[in-house]
Amino acid sequence: MEAEALQKEALAAAEAAQTLAQLDEARVQYLGRSSELKLALREVRDRETGMALNAVREALEAAFAARQSELERAELSARLTTERVDVTLPAELLGDVRVRPRGSLHPTTLIRRDVEDAFIGLGYEIREDREIETVEYNFDKLAFPAWHPARSSRDTFYVDADTVLRTETSPSQIHILEEKPPPVYMVSIGRVYRRDAITPTRFPIFHQFEGLAIDRGITMADLKGTLLHVMRALFGEEREVRFRTHYFPFTEPSMEPDVSCGVCGGSGCPTCKWSGWIEIGGSGMVDPQVLANVGLDPGEWGGFAFGLGLERAAQLRYDIPTIRPFWENDLRFVRQFR
Amino acid sequence: MRVPLSWLREYVRVEADAARIADALSISAAEVNTIERRGPADTSLYVVGRVLGAGKHPNADRLQLCQVDVGEGKPAQIVCGAWNFSAGATVAVAKAGATLPNGLTLERRELRGEMSEGMILAEDEIELGADHTGIIVLADGLEPGSPLANAVPLVEEILDIDPTGNRVDLLSVYGCAREVAALFDGELLPMPGTDPAQDGEEKVEIEIDDLDGCPRYVGRLFRDVTIAESPLWLKARLRDAGVRSISNVVDVTNYVMLALGNPLHAFDYDRLEGGRIVVRRARKGEELRTLDGTQRALEKSDLLIADAKRAVALAGIMGGEETEVSDTTTAILLEAANFEPVGILRSSERLALRTEGSNRWEKGVDPYLAGPAATLATQLLVELAGARWPGAADVQGELPQPSVIPLRPERTNEVLGLDVAPERQEEILRRVGFEREKAGFRVPTWRARDVTREIDLIEEVARFQLSEIPFTLPRREAMFGRLTRWQRLRRVVEDVLVGCGWSEAYTPSLVPAGPIVLPEPISAELGAMRETLLPSLVEAARANRAVDVENVALFEIAHAYPERGREPWHVAGIVDGGFAEAKWAVEQIYAAAGIEPAYERASEPFLHPGKAARTAEGWVGELHPAELEGTWGAFELDLDALAAAAGETVRFEEVSPYPELRQDLAFVVDEDASAAELLAAVRAAGGELLRGVEVFDEYRGAQTGEGKRSLAFRLAFGSTERTLTDEDVAPLRAAIADAVGKQFGAVLRA
Ligand SMILES: [Zn+2]
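Sequence order for the protein chains is A and B. All you need for my numbering is the position in the first sequence, starting with 1, plus 36. All you need for my numbering is the position in the second sequence, starting with 1, plus 10.
No lab work stands behind these hints, which were simulated from the structure alone. Treat the numbers as computed from the prediction; the structure is a model and nothing was measured. A hint or two may mislead.
As the list claims (entries may be wrong) - Computed Cβ-Cβ distance ranges for the label pairs, DEER-style: (1) 363(B) with 306(A): 33 to 43 Å; (2) 97(A) with 757(B): 47 to 57 Å; (3) 354(A) with 43(B): 22 to 32 Å; (4) 715(B) with 104(A): 35 to 45 Å.
As the list claims (entries may be wrong) - Covered stretches of chain A, going by a simulated chain B footprint (3 or more residues, C-beta under 8 Å): (5) 64-78; (6) 245-253.
Every residue, glycine too, gets a C-beta built ideally from N, C-alpha and C.
With these hints in hand, go ahead and build the complete structure from the sequences.
Next comes the structure, spelled out in structure tokens:
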């Protein structure tokens, strides 16, 4: 028989098979040991015929394999349909519900709750805002200068020219100040995104909490006192806090708070790189430009803002050396937290 | 920025040691990553030596046997492998007993039968350079036996500091010295560099086409240049600062950049067409092969240095290969310019080309620095490359004038929450370069970009007072903190699931595919924002099974991103054990939220076709076996929808003093009729006295027949007026049986 006609007939047979058994039958007929094709292959003398017949063999094998997985999926579905249950029944009539030991909250959530509680206690409101943010709210209204590296697509995930995955929770400052008149005391908590390669200490997604206080007569001393209170709530009453000058576009003056090392108590150890202090976030007095951007008079209103990482705080509290387990969800990790 | 301390101390007189300088800098100005120490721990056995005699080692062709005067009565015999010196040379010697920086301790020992009492040092052995082709030959006239540390920078301490983006002035040793002087009230010496006399009268042609991109260009011509290796002190300084030594000319440009903060470039003057420089934007289709050997396609926005014909450098970023200084160069054109930051940033970003130069330009370099930088470089080129300086040009546009900013001292105190006397404020500002004038403070040119307002002056004061500021809390007129309803529900859902034995997961919101795609992801796996949490949880479950973790029950609460502008919170879960396990958890969530959901049969490609249900807020089902090996239950609900539907308050109802009467009813009914439909019919028919009803059994068997099953209901009747009897409820039972029979063909079982 001519190869082409043979191939056509075999393909039709594969397609026509409605069960796995029928398909096996057809396979034996067209690809089996004593099939016409195999016999022909054995008698091949010239290279060209050999290549042509082998091409047919390969095409048929692929077609049979494809049909087989189709039929398998269909038979699985048919079998599954016979396992149909009345989904409106209560769970206990639908099968076993095992009695399980209590599960665990993730350390990120444990820290989030402590942050919420500490600030609720100070009379703050807690908010969550959108993560897909406009360049206007993420950078412009927060007074990021044009040269700031965070604006670059090297450091930030752009969705389009005007839209980014927020790089910090700070756009919440703008959102709340546009929503309501001061005084404002709020903490915004949520996911933020940085275009970092994945390393043991960095993951492109993490959680921040951002605090903002806008009122009359707010001072840097108030910022220091507030962060001292919160650090002690998170890490223990014996902790101390110090501040270092830093730079952030949306605060002036800007400072980085350090918390005294919990491992060595401040005398120096590998965890704190022998300094006795551990970097914990960023903070500062709200830049007058940011207040002006939301229509507030910087002569009347002032305030402070700060931002810290939840995972970083959890790492410090539980002494977890890398960020990796926070996103791996190995239950042997999560179950350690209560 | 790596700052060698001996270099810093050339510009500022302070007593403080490295650790104190680092501490003070890190509080007031810049992060200090490390304090590094280079060189041997003990330098007492390192001395200057004079070679009295040197000849071939009797037993080794490649070694020399030297007699070296090391200031002791008798010369030391030292075996040496280098041949770049002879008798009379002054050399660096480590005597027997000395420990090299690499930890090796030298011992007095025989080498091929001859005693060797120490080592004549090459620069790499004491970490002054990379050269190991010969030993260090010192200047004549040094006293044999005198400490080597007096002759070469044997020991160095290096501060590795990380200034913030606004403090480009600290990306220079002199800038750091200025800060240190302010911190410790030390004396700041004048900027280094004095112009040697110009030697000759040659015209240097500089033309700036784009004064916005390049407000200033100082070009200086040097002739009779001898390209050579740099002297040891220069090589050591660059090495300590983390810059590779190339040749005297290139090293001078790098040294001046590190010293003052103004990047420089040197062109081979003879290779500049027409001997002139034109600063302009690139032309369409123009290309340039940069020093790193890469051919770069330029765009119109790129600022270029060109000669009469073609591009010769990417302004501020990297020079071109064709005009690079080489061993045969004898004339150079030195560029000390000023470039506008944003353009440099854009070009370096687009070309993915970051250099020490671009890193400074993109932050904004003081335009008044080009002059002093040219001067220091000129002095060094004349001294180190034997060059003469026959011509120069200084082309500039309008350079910004330093502004004067008023400061209200009481405003400073309001912001700080600390009283700082006006005189003290003025003193702090004066020390960091601000000059008191009638109208306020004149900003130094190197701070013109980041100090423009009163608040910026206040920050200057604040950063020197940080530790003095007390800890207080805002004095508030009102307190109003509490969790929102949604936030409370989130906690309830978390606690319910944990109580059911589920543990919490956090999975990436970036997934391989989703409705919102990132044009520049860091990897294909993190290419889009997810529409649903389930696939991430399937992966988490798979990963746990891969390490044989048992009893897997995971949930997550996070945003989903179905479309732009909408980011609903979802709660999703996965559990080993099937549909019943997942539905149990969903039932507990609904119960906690005070919602009675309506379950309907659902069909989703990732779910078991016979075990999937939908509610108004989401779905619950058994995972399709093709998704994950084993039997898994899963669910995903819209938490925002759940919160919207949740009962706000509980309405109290009086409890009856009389017991309820409970009765069971079982029906044989077609498989097609769902328990929920029957339940609704029972409720409707049962009337007011039917207080509660639930399904408590499902049965299939010989008695029910093919295609049918038995469903058993437990009914609870009650009244607030009296105890009900069987007779009271008999008509209700009959009505219920009748209704269910009529609607579903259900037959009451005996
Ligand atoms: Zn420590």
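Against the structure, the hints:
Between residue 363(B) and residue 306(A) the beta carbons are some 37 Å apart, a value that agrees with the proposed interval 33 to 43 Å. Checked against the given bound of 47 to 57 Å, the beta carbons of residue 97(A) and residue 757(B), roughly 56 Å apart, stay inside it. For residue 354(A) and residue 43(B), the hinted distance range of 22 to 32 Å is satisfied, since their beta carbons lie about 26 Å from each other. Restraint check, residue 715(B) to residue 104(A): a C-beta distance of roughly 38 Å satisfies the suggested window 35 to 45 Å.
Coverage of the stretch 64-78 of chain A by chain B is violated. Counting CB-CB distances below 8 Å, 0 residues qualify, and the rule asks for three or more. Proximity of the stretch 245-253 of chain A to chain B, defined as three or more residues with a beta carbon under 8 Å from a beta carbon of that chain, is established by the 3 residues found.
When held up to the earlier numbered hints, the structure conflicts with hint 5 and nothing else.
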